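Enquirer: Using the sequences plus the hints, can you model the full thing?
Here's the letter readout for the chains.
2 protein chains.
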Amino acid sequence: MVELLASWKVIENNTLADLKMNKPLRVALLGLGTVGSGTFNVLKDNASEIERRVGFPIQIKVIADLNTEKARELAGPGVDVLGDAFEAVKRDDIDVVVELIGGYTIAKQLVLAAINAGKHVVTANKALLAVHGDEIFAAAEANNVMVAFEAAVAGGIPVIKSIKEGLAANKIEYVAGIINGTCNFILSEMRDKGLPFLDVLAQAQAFGYAEADPTFDIEGVDAAHKITLLSSLAFGVPVQFDKAYIEGITKLTKEDIQFAEQLGYRVKLLGIAKRTEQGVELRVHPTLIPSKRLIANVEGVMNAVLVKANAVGPTLYYGAGAGSLPTASAVVADLIEIARTSQAPLSSRVPVLAFQKEGVQNLEVLAMDKVVTAFYLRLAVDDRPGVLAEVTRLLADNQISIEAMIQRQATSEKETAEIVLLTHRCVEGDVNKAISRIEALDSVHGPLTRIRVEDLS
Amino acid sequence: MVELLASWKVIENNTLADLKMNKPLRVALLGLGTVGSGTFNVLKDNASEIERRVGFPIQIKVIADLNTEKARELAGPGVDVLGDAFEAVKRDDIDVVVELIGGYTIAKQLVLAAINAGKHVVTANKALLAVHGDEIFAAAEANNVMVAFEAAVAGGIPVIKSIKEGLAANKIEYVAGIINGTCNFILSEMRDKGLPFLDVLAQAQAFGYAEADPTFDIEGVDAAHKITLLSSLAFGVPVQFDKAYIEGITKLTKEDIQFAEQLGYRVKLLGIAKRTEQGVELRVHPTLIPSKRLIANVEGVMNAVLVKANAVGPTLYYGAGAGSLPTASAVVADLIEIARTSQAPLSSRVPVLAFQKEGVQNLEVLAMDKVVTAFYLRLAVDDRPGVLAEVTRLLADNQISIEAMIQRQATSEKETAEIVLLTHRCVEGDVNKAISRIEALDSVHGPLTRIRVEDLS
Chain A
1 MVELLASWKV
11 IENNTLADLK
21 MNKPLRVALL
31 GLGTVGSGTF
41 NVLKDNASEI
51 ERRVGFPIQI
61 KVIADLNTEK
71 ARELAGPGVD
81 VLGDAFEAVK
91 RDDIDVVVEL
101 IGGYTIAKQL
111 VLAAINAGKH
121 VVTANKALLA
131 VHGDEIFAAA
141 EANNVMVAFE
151 AAVAGGIPVI
161 KSIKEGLAAN
171 KIEYVAGIIN
181 GTCNFILSEM
191 RDKGLPFLDV
201 LAQAQAFGYA
211 EADPTFDIEG
221 VDAAHKITLL
231 SSLAFGVPVQ
241 FDKAYIEGIT
251 KLTKEDIQFA
261 EQLGYRVKLL
271 GIAKRTEQGV
281 ELRVHPTLIP
291 SKRLIANVEG
301 VMNAVLVKAN
311 AVGPTLYYGA
321 GAGSLPTASA
331 VVADLIEIAR
341 TSQAPLSSRV
351 PVLAFQKEGV
361 QNLEVLAMDK
371 VVTAFYLRLA
381 VDDRPGVLAE
391 VTRLLADNQI
401 SIEAMIQRQA
411 TSEKETAEIV
421 LLTHRCVEGD
431 VNKAISRIEA
441 LDSVHGPLTR
451 IRVEDLS
Chain B
1 MVELLASWKV
11 IENNTLADLK
21 MNKPLRVALL
31 GLGTVGSGTF
41 NVLKDNASEI
51 ERRVGFPIQI
61 KVIADLNTEK
71 ARELAGPGVD
81 VLGDAFEAVK
91 RDDIDVVVEL
101 IGGYTIAKQL
111 VLAAINAGKH
121 VVTANKALLA
131 VHGDEIFAAA
141 EANNVMVAFE
151 AAVAGGIPVI
161 KSIKEGLAAN
171 KIEYVAGIIN
181 GTCNFILSEM
191 RDKGLPFLDV
201 LAQAQAFGYA
211 EADPTFDIEG
221 VDAAHKITLL
231 SSLAFGVPVQ
241 FDKAYIEGIT
251 KLTKEDIQFA
261 EQLGYRVKLL
271 GIAKRTEQGV
281 ELRVHPTLIP
291 SKRLIANVEG
301 VMNAVLVKAN
311 AVGPTLYYGA
321 GAGSLPTASA
331 VVADLIEIAR
341 TSQAPLSSRV
351 PVLAFQKEGV
361 QNLEVLAMDK
371 VVTAFYLRLA
381 VDDRPGVLAE
391 VTRLLADNQI
401 SIEAMIQRQA
411 TSEKETAEIV
421 LLTHRCVEGD
431 VNKAISRIEA
441 LDSVHGPLTR
451 IRVEDLS
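Residue numbers (the numbering used here), protein chains in the order written: chain A, 1 to 457; chain B, 1 to 457.
Heads up, some of the hints might be wrong.
Remember, identical chains collapse to one label, so a pair may be satisfied in a single copy or spanning two.
[Claimed, not checked] Listed below are the simulated DMTMM-like cross-link pairs for lysine to aspartate or glutamate, each with C-alpha atoms no more than 25 Å apart in a straight line:
{"no.": "1", "residue 1": "K251", "residue 2": "E364"}
{"no.": "2", "residue 1": "K292", "residue 2": "D455"}
{"no.": "3", "residue 1": "K308", "residue 2": "E390"}
{"no.": "4", "residue 1": "K370", "residue 2": "E135"}
{"no.": "5", "residue 1": "K44", "residue 2": "E358"}
{"no.": "6", "residue 1": "K70", "residue 2": "E51"}
No lab work stands behind these hints: they were computed from the structure.
Fair warning: this is a prediction, and the values are worked out from it, not measured in the lab.
Expert: Structure representation (structure tokens):
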């Protein structure tokens with residue numbers, strides 16, 4: 001024990017540690033797509049600025065990509081290019097593996113192989129972590145390696161670091177994020193230009209803001225992956241993507257966006273994770289937000305995450321949520337942090353999910369019918385006296401009170417009038433009951449449109 | 001060497017380090033004012049959440065405050081209360097000193113005494129660090145201790161951590177911040193309610209948003225302290241408050257705020273630090289910002305810092321910039337970080353000013369007459385033909401072109417008309433020359449009003 005204390009002092013006094021630190025951090029880069037090539041370029045272009053900060057270089061030793069020719073062209077001399085990523089993760093001259101391949105299958109095998117070979121891992125793969133995170137983090141712990149994933153949520157915005165460290169003094173109450181740029185671009189354009197969803201989607205695809213198959217984005221799956229990770233970081237709960245409620249933006253109409261505007265609201269696709277007495281809420285859905293809130297004014301492909309915490313109150317983190325260089329900024333920040341902390345004792349590392357293993361709580365994810373929010377309701381009704389009275393009575397019967405209303409008279413061309421209601425906060429189960437009874441009324445036509453409302457004050 | 005390597009392995013394998021880490025971090029809290037009592041309360045109220053994250057407790061051992069009676073009441077049993085802060089910093093049973101006294105004199109002595117006694121320091125004292133930072137940071141380095149000051153800029157917003165670590169992969173181009181809540185409250189109210197400066201100042205004082213002597217806030221000195229620190233963190237330059245250009249909000253009129261609004265702008269007091277080819281800009285002044293920018297919509301006492309960096313692009317950090325619990329959130333985050341990293345080798349710490357000592361560059365702070373911005377100009381002129389032509393000719397003579405203009409005719413009561421001009425970007429020295437020639441015109445009355453404009457795109 002005395003010996004240990006003595007040598008601890010030596011390390012504190014900066015000898016061995018510095019010798020080790022002056023060696024470059026050696027990186028294997030798996031996947032040379034958008035983010036992979038951005039990572040390569042940021043490390044190259046900002047090498048001197050990074051060394052000014054960190055004191056030693058971060059060196060890409062190996063690049064693995066199926067297109068070895070393209071990889072060789074980018075890499076230049078001094079970097080080994082491999083077609084087989086599994087070969088890369090096993091190499092002895094590598095400290096960190098950066099997984100930028102994506103998907104659940106090969107990426108998972110590679111990440112686990114890297115961890116089992118004692119390499120630290122940096123990844124931007126939210127899908128992988130949201131689904132297989134618990135398994136991956138357990139493997140990392142067993143192997144004393146770090147898994148860093150700042151790039152997996154909100155691209156270049158350092159929101160994971162902010163939640164894990166910047167807000168570490170707080171009990172976090174909720175996280176609400178615009179964390180899918182494709183959806184935010186579409187909703188911004190629908191509002192700005194009064195265009196329908198499908199037109200804007202086509203435009204987004206033409207601009208490269210939406211994939212050829214945009215399902216993961218527009219159906220809210222990508223946002224759900226990200227809010228799943230943020231909920232774990234904020235509350236110290238396991239990763240539980242399978243319990244998230246997910247509703248995308250495909251059914252939103254430009255009329256709803258315009259009515260919302262008239263009522264003083266913007267419609268955004270939010271990922272929401274909230275801690276309540278009853279459990280954790282974990283949900284993705286279109287949401288009306290008061291226009292005067294800062295987050296309601298985040299437009300285009302930009303992302304923003306609002307965190308409400310008990311000491312600091314609300315804080316918001318805004319920036320580019322995707323793109324080659326912004327995402328690479330987060331990947332390289334993780335590399336820098338690993339370079340620093342991999343030299344330090346394990347216990348001085350920030351835990352992978354922000355909480356100590358013993359501190360993780362298996363809080364229940366609340367069923368949606370127990371969730372409390374306000375609601376925007378739109379319905380087509382017969383344009384005759386008494387209809388509104390029927391509708392509001394059914395709402396009142398289910399403990400739902402009304403905050404605001406817009407009524408649009410029937411025009412000569414169509415026979416139905418339109419009612420838009422904004423409710424006070426109420427239990428979703430009650431709203432479901434009221435809606436099915438309202439839809440059963442003879443005077444009400446077609447299904448009712450329902451969008452949740454969050455005040456975010 | 002072999003022995004050292006062997007024991008390093010032991011530490012990596014988590015024995016001694018964990019033994020040390022399970023001991024609480026022992027804190028001396030100097031000053032029990034707004035932030036001091038907030039720090040005490042956050043550590044108490046969030047103790048279990050903090051321990052879930054950190055794995056060990058943070059313990060206030062000593063409180064020093066002139067009002068020992070009040071301190072004893074708050075502290076309860078188990079905490080020593082001292083009237084003499086100098087006694088507290090010397091104690092052997094203390095790891096960290098939290099300086100929340102404020103000011104330049106006693107606070108400086110205490111911080112240096114703590115450092116020389118081998119204690120880490122956490123402080124919210126931007127004035128002290130902006131003026132004496134270089135001396136304090138040098139002393140800390142000589143004594144292998146950390147100085148952490150997240151609470152000194154933008155209260156609870158983790159913007160210092162974001163710049164030092166989250167954006168570490170980037171070359172930062174500029175930082176522009178609303179970093180004085182008092183000024184932002186006053187400007188928000190002047191715009192909202194169309195009230196003059198002095199009325200709103202009185203109101204702010206009544207609300208406790210402005211001090212009895214508000215000079216430091218409204219003259220921009222507080223914002224200059226903060227932007228001085230941010231400029232060092234962003235660019236790796238020494239702390240050089242004495243070279244900052246400082247202009248407060250006391251001369252702003254509600255008319256200017258309204259004209260700005262008509263032109264599509266909001267007026268904010270910004271602290272700006274920008275890296276240019278010629279040198280570093282370091283300046284605080286009222287600024288017109290396009291209303292559609294997110295930062296232009298930050299209202300009331302809230303703070304926000306916009307950082308433009310070469311890989312990630314613009315990111316923004318928003319939240320409460322002052323107040324007991326928000327500021328305490330930052331103080332306690334620093335304590336948590338010190339608790340973790342004080343156990344690790346020196347070289348794994350993030351440098352106090354984000355850059356390695358060898359990486360710090362003594363870049364010149366640019367004189368204001370070399371700074372390039374656009375300008376808002378307002379002048380009272382005779383209401384007769386030819387005046388505008390004279391004015392615009394003098395601007396053109398000095399390479400200043402005009403982007404937009406508002407002309408307000410003379411009313412019957414007063415004889416002068418008013419011209420408001422928005423220029424394109426130009427060199428401040430050229431504007432100064434043009435202004436003095438314009439003011440010398442017979443047809444121009446009284447001094448011209450000049451407010452800088454930043455696009456922040």
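Enquirer: Next step is simple, just say for each hint if it's right about the structure.
Expert: Status of the hints after comparison with the structure:
| no. | hint | in the structure |
| --- | --- | --- |
| 1 | K251 with E364 | neither (29 Å within a copy, 56 Å between copies) |
| 2 | K292 with D455 | both (10 Å within a copy, 21 Å between copies) |
| 3 | K308 with E390 | neither (39 Å within a copy, 55 Å between copies) |
| 4 | K370 with E135 | neither (30 Å within a copy, 57 Å between copies) |
| 5 | K44 with E358 | between (40 Å within a copy, 20 Å between copies) |
| 6 | K70 with E51 | neither (28 Å within a copy, 49 Å between copies) |
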